[in-house]
Amino acid sequence: MKRRDFIQMAGMGAGALMLPVTSLANIVSPEALLEPGLDVAQKKRLADVALNTAKSNGATYADVRIGRYLNQFVITRENKVQSIRNTESFGVGVRVIANGTWGFAATNEVTPDGIKKATERAVAIAKANSKFQKEPVKLAAEKGYGEVTWKTPIQKNGFEVPVKDKADLLLNANAKAMEKGASFINSIMFLVNEQKYFASTEGSYIDQDIHRTWPNFQVTMIDKASGQFKTRSAFSAPVGMGYEYLDGKAQDKIQGPGGIILYNKSYDIVEDATMAAEQAKQLISAKSVEPGKYDLVLEPSHMWLTIHESVGHPLELDRVLGYEANYAGTSFATLDKQQSGKFQYGSKAVNFVADKIQPGSLGAVGFDDEGVKTKQWDLVKDGVLVNYQAIRDQVHILGQGESHGCCYSQSWRDVQFQRMANVSLQPGKAQLTPDQMISGVEKGIYIVKDGSFSIDQQRYNFQFGGVLFFEIKNGKIAGMLKDVAYQSNTQEFWNSCVQVCDERDYRMNGAFNDGKGQPAQSNAVSHGSATARFNGVNVINTGRTL
Amino acid sequence: MALLTKDEAQALLKKVLSYSKADECEVNLTGTNTGNIRYARNSVSTSGGISTYTLVVQSAYGKKLGTATINEFDDASLEKVVRRSEELAQLAPENPEYVSVLGPQKYAEPITYVPATAAITPKMRADAVAQSLQVAKETKTVAAGFMEDTTTVNVMMNSKGLFAYNTSTGVNFSITMRTEDGKGSGYATRGYNDITKLDAKKASQIAADKGVKSATARAIEPGKYTVILEPAAAAVLMENIFFGLDARQADEGRSFLSTTGGKTRLGEKLVDERVNIYSDPLNPDLPTSTWAADGRPQEKVSWIEKGVVKNLTFSRYWAEKKGVKAVPPPAGVIMEGGTKSVEELIKGTKKGILVTRLWYIRPVDPQTLLLTGLTRDGTFYIENGEIKYPIKNFRFNESPVIMLNNLEELGKVERTVSVESNTNYLLPPMKIRDFTFSSLSDAV
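In the order they appear, the protein sequences are chains A and B.
Each residue of the first sequence is one higher than the one before, starting from 0 at the first, in numbering that gives the first Met the number 0.
Each residue of the second sequence is one higher than the one before, starting from 0 at the first, in numbering that gives the first Met the number 0.
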């Protein structure tokens, strides 16, 4: 995940919230977020200005994205509303190929003249950079889709819910946590709407309306006598859904091991904040872990981040090829390993699927940001590495003729490039519940929700913490632990996966702020899994004294 | 895009304020020109740039606040943005922590603007890349790098008569050089206000040299080692202390600066007595704005003196509540050092490890500021004052506070850039004993 956003989220606990505002966004009224923006006919006319200008200036390919990006943040702590912020960012990005080289330019002057100038600039940049180009860009074929639309299938548009209702919901959750003895609580509601229009010289005119929702909080418990403090973050997930995610339906609640309540397709923030205060208190007096080898039982709200870092990232083709060498790094999963058809990424129980279509996921769109119709594909099958994530100008390197449809840009002003799709661990085929899984573990730890995370630049060595840790002794939960982090090597870790629970336990979690590129861009992505077991993983104790 | 002069900016913001009907109004204007070029696999991958102006208007009725922004500057748009901020303020819940805007302040004349940087052209960026690529060719390495320059004007005015104006320039450059077989990797990063100080060729040569020399690394056992952290490696650890100086956090009991019974470590000895950390907006090697985002003057402030925590940062609200001076967070942080170069520190080391860069730094425990991350792009074993051989990368689990209690020696201060936050600092290379490496990594 991106460091800057991480600092912002970590700032929640610090009581020093910074707002992640999309660059070049204007702060507007909540009503302005409901204004319709340009109609499709206007957008098509403007898009054609870019496409025609590009062609007449010698570009062999061009695409244009007219984007309106809306965000809403409602931020509270304890009994106070700290900030309500609505932002709108509107502009156009034009990408061209000229002299076999990419060029990109953007403008917030959404007029025929502004777009014409930006397009001319993009062509000039492509021509100037072509002197460094070793081989011309090769695009995989993609058909033009004509005029099409796609919308996130939401039931309730969060932007239509009055701001006061959102603030009241957060304040209610805060009050419940404080009643249960929390020292502090910071909470946030973060809504996103991307209204994106894409057109290309291949004949596509694609209008998409994408929604994301993320309720989140952090409860802090302080033991004044000892000076110890512990935090418990929300068990919510950022989702590709509307405000219906906050309905907290009974059928979406799961009684998990250790007496915890977990959530699936909708979320009860008030109930979770109440539980959080109790669990943060328990963490203060929890037993400090004895370092050593344990069998780990990892719950999906934790598992997603391990998948993200150790599977999602190393299987991005641009990293494998070296395009991220100066920043995010390269990858251990080199092309020869995939081409051998024998590289055992994980055990036979391990199957990873990438997709851009799963309902409710953050990655779900109809078409990616270079007009490719989205789909699902295998990355790891029965433990063997079979494919990567790649886009139109990359798939030829894999000997493939069809883009995977995972090209994305965080806004109109940034160039689109290969980003992570949803990458998910497939549930086990045999019937197995988390309780049944735990009953087979002699010495282990059950870990819930993501915590601290770090992985090397080729994605071998990683270390993950968590939020709640339960000791497993002879098949039973034996109380809470603290100071837990596990370290492993990606291939070793996934080969130690012995069981994955069945599809009844499959849930998604994810991040709004997957970071890559220079200048850095954010990408929203989900990762699904069922609870999974890993044998003999190295656990360290992270407790220190100053 | 030409930046507004002081007079032009003053006239514009006066006009904006003339539309205000609220109890208080504060206006911030930011204008930015940025340009960048990115390359990888010995070829340019992307380049771009953008010029923008954004006006932020904050209106207050009592403790009810509204903020609106706009990037159009005709009279109608200016009036519209003021009205919108007032409408939002009327609708907002009271913010009990709102503190009335500041009156006129006195600021030192800043030294953050360098005309040569503001005059940078796309060709100059491309030339820097060409120099890097030439080094790659000569050393048979593969270059991946990024250069980004920014010219900014910040202006602030409010209904109580405060006016602040600052222009600044900056350039950050980073370069990774990998051997063609992928067995070695080296890195260098540079940050300046003045583009003429950037020597892209030299930085590329250092990165290539480290890349070539780091190939065929040997594995040694993880454990506690004496390390020499180059400034770029020290920066990503040290900035976690700098980010954590907030008094409210410490007072609330949720910081590494909190102790028992609701007390803080302010005034206590935290680290080795040779550690002196301060900020100074007029330091010629790291100049920063002479005023903070909320209009408070930025002055020279000592944060840690002879190992003792001397000052914490206070929001104006928290300072008022505590009855103390509201010291703003620093824009640039400086740590004092010694006189020795990295080479001289190596000469004086019997057994140790030289660390070029640390990567993927994340907090593990905020209570102790325990951090984890890995070495990267040039890690070498030192024996009897010499670099003996390259070693495989390590994961560490270490707190910068504990680390600064295990201080052996500080070298000569230089300006560096954090790869995590992109922030520039003046830091010395640091020799530290008992630095905790907890596992090996195969990554190159």
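FYI, nobody ran anything at the bench for these hints, they're computed from the structure.
Take the hints with a grain of salt, since some may be wrong.
[Stated by the list, open to error] Each computed DSSO-like pair below joins lysine-lysine, with the alpha-carbon atoms no more than 27 Å apart:
hint, chain 1, residue 1, chain 2, residue 2
1, A, K179, A, K115
2, B, K136, B, K196
3, A, K79, B, K136
4, A, K133, B, K200
5, A, K79, B, K305
6, A, K481, B, K79
7, B, K200, A, K223
8, B, K79, A, K126
9, A, K163, B, K139
10, B, K223, A, K79
11, A, K336, B, K79
12, B, K79, A, K163
Because the structure is a prediction, the values reported are computed rather than measured.
Here's how the hints hold up against the structure:
Between the alpha carbons of A/K179 and A/K115 the distance comes to roughly 60 Å, so the proposed pair goes past 27 Å and is violated. For the suggested pair B/K136 and B/K196, the alpha carbons sit about 24 Å apart, so the restraint of at most 27 Å is met. With a CA separation close to 60 Å, the supplied pair A/K79 and B/K136 exceeds the 27 Å bound. The straight-line distance between the Cα atoms of A/K133 and B/K200 is roughly 21 Å, inside the 27 Å bound, and the hint therefore holds.
A distance of roughly 40 Å separates the Cα atoms of A/K79 and B/K305; the hinted pair therefore is violated under the 27 Å criterion. Pair hint A/K481 plus B/K79 does not hold up; C-alpha atoms about 54 Å apart against a cutoff of 27 Å. For a cut-off of 27 Å, the pair hint linking B/K200 to A/K223 is broken: about 55 Å separates their Cα positions. A distance of roughly 41 Å separates the Cα atoms of B/K79 and A/K126; the hinted pair therefore is violated under the 27 Å criterion.
With a C-alpha separation of about 62 Å, the suggested pairing of A/K163 with B/K139 is violated against the 27 Å cut-off. Straight-line distance between C-alpha atoms of B/K223 and A/K79 comes to about 46 Å, which puts the hinted pair past the 27 Å bound. Proposed proximity of A/K336 and B/K79 is contradicted: the alpha carbons are some 60 Å apart, above 27 Å. Straight-line distance between C-alpha atoms of B/K79 and A/K163 comes to about 24 Å, which keeps the hinted pair within the 27 Å bound.
Comparing the model with each numbered hint stated earlier shows that hints 1, 3, 5, 6, 7, 8, 9, 10, 11 do not hold.
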